[in-house]
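Enquirer: Letter by letter, the chains look like this.
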Amino acid sequence: MKRNWRILLFVAGAVGIAFLFAIAAGPLIHPRDIRNQYAAAINSATFAERNVTDTVSAVNFDFRGFDTLGEEFILLVSVLGSLVLLRMIEDRKGKVLRDALDEWRDVGPSDAIRLWILAMIAPKVAFGIYIVTHGQLTPGGGFQGGVILASAALILYLGEGFTVFRDVISHPATEIVEGAGALGFLFVGMLGWIWGRPYLTNVVPLGKAHELTSGGTIALISLATGLEVAAGFILLLYAFLQENLSPVEET
Amino acid sequence: METALTYAGYAAAVWLFLIGLYGVVKARHLVNLCLSLTVVQSSTYVLLTIIGFRPGLPAPIYTDGLLPGSAAVDPIVQALMLTDVVVEATVIALLLAIIIKVHRDARTADPDRVDMMRG
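Which chain is which? The protein sequence lines are A and B, in order.
Quick note on my numbering: the first sequence kicks off at 160 and runs consecutively.
Quick note on my numbering: the second sequence kicks off at -17 and runs consecutively.
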């Protein structure tokens, strides 16, 4: 009964939203508005003022750097929140978790699968580092590369199972890298203060266009973001895989 | 043709939004609700991409013969979308962690039967 009313309410709302959306989107479809000028200004400023060829990275880590700082901290807080929530659950169990993992260790994948999967990790890590460090030149940057790096850890889990994954991942370095990535972004932003310039000013030498060292702080912030995203996703994987493998205890 | 593509983009955005919202309304399981929310979220990606779309213009990457400063699609909305894809994934992870916790405490994952305010 309650559900039927809810769906009726949804249909009424959906018609309203679709109607308002059509009114709002109408003017956007004609491309003779101010957005063209804004996009053109950014597109020409990126190469002329920052020596960077990937405009999207320049917007993310320089022109819109302060917004990205906020986004990065949304990411950090979400990761921390997930870890805290899942660890609260983990504490309640203790011994049951360990027994289940010991049992699971005996039933690993075959050697052939393990060999191939482990052989994939090195190219994966290299590709991730390449994407993180070339964000200012080609499509890529810290966000995309960080996820690729984290997926290397997932491959380790697929090949070796959770025990090896945990032994590698639960090193304190993962959490340190996670924090260092977030702090790195903050500190790169503070570099401008040394010269009395506003926060997140691009004060590092811009280098030559089409070279790895171009872009000044864009490359540095991209690297910091890459570290944070990679470590954050690895921590999330660890927390969720651990949750998944432990038996659900009906207390 | 290109105008038709633009219309299709806006239509897809509002359709994804509404179908995702329908999923949220209909959901009988919290994980289902959470995944419906990601569908709603992905409508913003389509919307942002189609707002930045300019018929016939290339991506704003000034390598491989694209002259510096020449016209390209809007990079700002692409940057907005790009950060959101990654951040959204972690926010969904947080939601899933909350769902696990709710399931443990309330012993159900049906949003209609989760009644945590009993005190």
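If you're looking for bench data, these hints aren't it; they were derived computationally from the structure.
Keep in mind the model is a prediction, meaning the values are calculated, not measured.
A virtual CB, placed ideally from N, CA and C, is assigned to each residue, including glycine.
Heads up, a few of these hints could be off.
[What the hints assert, rightly or not] Computed list of lysine-lysine pairs in DSS-like fashion (alpha-carbon distance at most 30 Å, straight line):
(1) K161(A) to K8(B)
(2) K161(A) to K283(A)
(3) K161(A) to K83(B)
(4) K8(B) to K83(B)
[Stated by the list, open to error] Reference excerpt, derived from the structure (chain A facing chain B, CB under 10 Å, subset only):
(5) A184
(6) L242
(7) V243
(8) S329
(9) A332
(10) G338
(11) F399
(12) E402
[Claimed, not checked] For each label pair, taking beta carbons as the anchor points, the in silico distance ranges come out as:
(13) V67(B) to G175(A): 41 to 47 Å
(14) A200(A) to A(-7)(B): 50 to 56 Å
(15) Q196(A) to K83(B): 18 to 24 Å
(16) A177(A) to S52(B): 33 to 39 Å
Enquirer: Now, for every hint given, state plainly whether the structure supports it.
Expert: Results for each hint:
For the suggested pair K161(A) and K8(B), the alpha carbons sit about 11 Å apart, so the restraint of at most 30 Å is met. A threshold of 30 Å between alpha carbons decides the hint, and for K161(A) with K283(A) the separation of about 51 Å lies outside it, so the pair is violated. Pair hint K161(A) plus K83(B) holds up; C-alpha atoms about 26 Å apart against a cutoff of 30 Å. For the hint linking K8(B) to K83(B), the alpha-carbon distance of about 22 Å falls within 30 Å, and the restraint holds.
Satisfaction of the interface hint for A184(A) is found here, the shortest Cβ-Cβ separation to chain B being roughly 5 Å, below the 10 Å cut-off. A hinted interface residue such as L242(A) counts as satisfied when its beta carbon comes closer than 10 Å to some beta carbon of chain B; here the least separation is about 8 Å, so the hint holds. Because the closest C-beta pair between V243(A) and chain B is about 8 Å apart, less than 10 Å, the hint holds. The criterion of a C-beta within 10 Å of any C-beta in chain B is not met by S329(A), whose closest approach is roughly 18 Å, and the hint is violated.
Annotation: interface hint on A332(A) violated; nearest CB of chain B at approximately 20 Å, more than 10 Å. At about 15 Å, the closest approach between the beta carbon of G338(A) and any beta carbon in chain B exceeds 10 Å, and the interface hint on this residue is violated. For F399(A), the shortest C-beta to C-beta distance to chain B is roughly 7 Å, which falls under 10 Å, so the interface hint holds. With 10 Å as the threshold, the beta carbon of E402(A) comes within range of chain B, its nearest partner Cβ sitting at about 6 Å, so the hint holds.
In this structure the hint that V67(B) and G175(A) lie 41 to 47 Å apart at CB is violated, the actual value being about 28 Å. In this structure the supplied range 50 to 56 Å is violated for A200(A) paired with A(-7)(B), their Cβ-Cβ distance being about 30 Å. Taking the beta carbon of each, Q196(A) and K83(B) are about 49 Å apart, not inside 18 to 24 Å as hinted. Checked against the hint of 33 to 39 Å, the pair A177(A) and S52(B) passes, with Cβ atoms roughly 37 Å apart.
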